[in-house]
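*Asks:* Take the sequences, apply the hints, and build the full model.
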Amino acid sequence: MVSLRRRKLLGLCSGQLIKRRKRHRRKHVQNQEPCLMRGVYFKNMKWQAAIKVDKKQIHLGTVGSQEEAARLYDRAAFMCGREPNFELSEEEKQELRNFKWDEFLAYTRHSITNKKSKRRLGIRPQKSSEPAIENGQ
1 MVSLRRRKLL
11 GLCSGQLIKR
21 RKRHRRKHVQ
31 NQEPCLMRGV
41 YFKNMKWQAA
51 IKVDKKQIHL
61 GTVGSQEEAA
71 RLYDRAAFMC
81 GREPNFELSE
91 EEKQELRNFK
101 WDEFLAYTRH
111 SITNKKSKRR
121 LGIRPQKSSE
131 PAIENGQ
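Counting in full-length UniProt numbering, the sequence shown runs from 1 upward without gaps.
Simulated from the structure, these hints should not be mistaken for lab results. Incorrect hints may have been included.
Here are the simulated lysine-lysine pairs, DSSO-like style, with alpha carbons at most 30 Å apart [as the list claims (entries may be wrong)]:
(1) 43 with 93
(2) 100 with 115
(3) 52 with 100
(4) 56 with 100
(5) 100 with 46
(6) 55 with 93
(7) 93 with 52
(8) 46 with 115
(9) 56 with 46
(10) 46 with 116
(11) 116 with 56
(12) 43 with 55
(13) 52 with 115
(14) 52 with 116
(15) 100 with 43
(16) 56 with 115
(17) 118 with 46
(18) 118 with 93
(19) 93 with 56
(20) 118 with 55
(21) 43 with 115
(22) 43 with 56
(23) 55 with 100
(24) 100 with 116
(25) 116 with 93
(26) 100 with 118
(27) 118 with 43
(28) 43 with 116
(29) 93 with 115
*Replies:* Structure follows, in structure tokens:
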């Protein structure tokens, strides 16, 4: 037996039925290989890279492929002194040594945003792994 208070909450006293919301079900992507690389996960139909620093997860960027996300993580892992998924070239290591952590994050996020905006405009991206920042911006 349902109490009067409970019936009022459910809308049974007034004769109206309350619609129950459907639970949002996460869409499972068919034929999607699971991510086996550190710091990489698949969310909202995109590959994302993140790293934990001082018990805080820092989002590194959202990219189109699992390998690109792994490369983003590898660069951040090098900056933190952790083991990467792929070995970085000496040129990349030397370039990363010039950055402080905050500068590195700003540079990484800027380059991803720059790539996306160029893609929207129909401009072909550069052949290098990271677009160059012009005029030190």
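*Asks:* Which hints from the list above does the structure break, by number from lowest to highest?
*Replies:* Violated hint: only 20; rest satisfied.
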